[in-house]
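Listed here are the chains, written in short residue letters.
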Amino acid sequence: MNIEIILFAVLALVAATSSVMMITRKNAVISAVFLVLNFFALAGLYLLLNAQFIAVVQVIVYAGAIMVLFLFVLMLLNTEAEHQLFIDKRGIKFFAIFIAAFVFIEIAFLIFKSNPSKNLSPDQAASINSGTIQTIGQQLYTNYLIPFEVSGFLLLAATIGALVLAKKKFE
Amino acid sequence: MSIWEVIIISLIKILLIVVLMLLTVAYLVYFERKISAWIQNRKGPNRVGWHGLLQPFADVFKLLLKEDIVPEKANKALHTLAPFIALFVAFATYAVIPIGPTIELFGYKINLVVADVNIGVLYVLALTSLGVYGITFAGWSSGSKYSLLGGVRSSAQMISYEVSMGFSIAGVLLLSQSLSPTKIVEAQYGWMWNAILQPIGFITFVVSAFAETNRLPFDLPEAEPELVGGYHTEYSSFKFAGFFLAEYANMIIASMMITTLYLGGYQIPYIDKLGLNQTLTVLLQVGAFLFKTAFMLFFFMWVRWSIPRFRYDQLMNLGWKVMFPLSLLNIVWVAVLIMVFRL
Chain V
1 MNIEIILFAV LALVAATSSV MMITRKNAVI SAVFLVLNFF ALAGLYLLLN
51 AQFIAVVQVI VYAGAIMVLF LFVLMLLNTE AEHQLFIDKR GIKFFAIFIA
101 AFVFIEIAFL IFKSNPSKNL SPDQAASINS GTIQTIGQQL YTNYLIPFEV
151 SGFLLLAATI GALVLAKKKF E
Chain H
1 MSIWEVIIIS LIKILLIVVL MLLTVAYLVY FERKISAWIQ NRKGPNRVGW
51 HGLLQPFADV FKLLLKEDIV PEKANKALHT LAPFIALFVA FATYAVIPIG
101 PTIELFGYKI NLVVADVNIG VLYVLALTSL GVYGITFAGW SSGSKYSLLG
151 GVRSSAQMIS YEVSMGFSIA GVLLLSQSLS PTKIVEAQYG WMWNAILQPI
201 GFITFVVSAF AETNRLPFDL PEAEPELVGG YHTEYSSFKF AGFFLAEYAN
251 MIIASMMITT LYLGGYQIPY IDKLGLNQTL TVLLQVGAFL FKTAFMLFFF
301 MWVRWSIPRF RYDQLMNLGW KVMFPLSLLN IVWVAVLIMV FRL
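Quick note, the sequences are listed as chains V and H, same order. For the first sequence, position 164 matches number 164 in the numbering used here, and the numbering has no gaps at all. For the second sequence, position 294 matches number 294 in the numbering used here, and the numbering has no gaps at all.
Among the hints, erroneous ones may be present.
To be verified - The following label-pair restraints were derived from C-beta to C-beta distances:
(1) H:77 - V:16: 51 to 59 Å
(2) V:49 - H:16: 28 to 36 Å
(3) V:70 - H:275: 52 to 60 Å
What the hints contain is simulated information worked out from the structure, not anything from laboratory work. Nothing here was measured: the structure is a model prediction, and the numbers come from that model. Using N, Cα and C, we set each Cβ at its ideal position, and we do this for glycine too.
Construct all of the structure, not just a fragment, from the sequences and the given hints.
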């Protein structure tokens, strides 16, 4: 058995288990811990696909920045009240199950219908190259310059918006 | 080289690094106490062994023999996990730091770095951004107000200073045109050290490194007068030792990163022009790397015992209103260097 298959099995198992653990925990902070673990396993899977830049960015952005902010909020808020909401109202529970089943069927349909490996090139060297930061940087600043700048501009606008919302009185 | 040879060589390197790190950390604590004594005109530890040289071992045994207490209201699993996260992050970072050039030993070509990955700098950034978790979990899981406040403070502080740290590194990357630490070191040939070429970036990086390692003057997460012990108030025995170890290991990491990114790494200016033989050159270069790192470690301690702690709002103002704009300015400066001088 080659090493890639072993790694894939381990990482996939961790990813699947941690995501199930995440949605079944009662304590929101513990859920967040499992979500971080899940991000890690995903980053490992990206590495196996030769997408090293995405793997590292996955850890830096999701695990390192976004989840820290989530935890920040979760630790300071008392999440007991939200917990009560789902126990009391049975209607919400059934609605949630319905939505979950619908999304599950949708995703399963898409996975079995599409053929994601049809675009893969058999050339391994090209596939390793396309995951490097050099290639991604070159593509971003040439072929995808306008979308890249537009998304940068949007993020700037969002930052300013967040500042305005956070500061109640703007002197 | 076959895959097994690669794995065995890597394991030997990892073992060497871990053993060396543990010893270095033990003696760093000793030197910290000696230097603080010297700065405060005291004698420092001088009872255990010659000039107190066995003090670190006494300290370690004292910590390990203490009772391990988990508070009743603590979340037991996370409380145990937190110090291990801190340690994991601190030790995993060493993998990408080159302590010397490639050498030939018993017919093998060996890089003096555990893993020479081409995104090494990003790897370090990813791991340091995870360092927050050890402290945050410790703070939350202890079920104590002091711990929680310490944990929240530290995550705010580390997130804020990560921004200026990232932007300072961007300046280095622009000049070296690579994310691999080995290539960054090679790009600083001669006197082209990044500390000399981009002094502003050097300063912002060093200040951010102090904040990231939670060292004085930025040790607010564990400010004794207000937060008892901060996030590790409720820790004792081995788990406390874990945090202690992680703090010093992080300090070594920060010093090594500063050396690699800004002080030319293992390079000695124009050593290849002197016509020394290869073995001597490599030994001198490894020595140079260790010397630069040791100097930065001394600098860390020197600052700790010289500058008082910042107030929390001062810390945030410094981070966002001074360090962040300065690191942006540094990028502009590097751009000018590249455009005008074609570096």
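We went through each hint and held it up to the structure:
Between residue 77 of chain H and residue 16 of chain V, the C-beta spacing of about 20 Å breaks the proposed range 51 to 59 Å. The beta-carbon spacing between residue 49 of chain V and residue 16 of chain H, approximately 32 Å, falls within the hinted interval of 28 to 36 Å. Separation of residue 70 of chain V from residue 275 of chain H is about 59 Å and conforms to the stated range, judged on CB atoms against 52 to 60 Å.
The structure fails hint 1 only (numbered hints given earlier).
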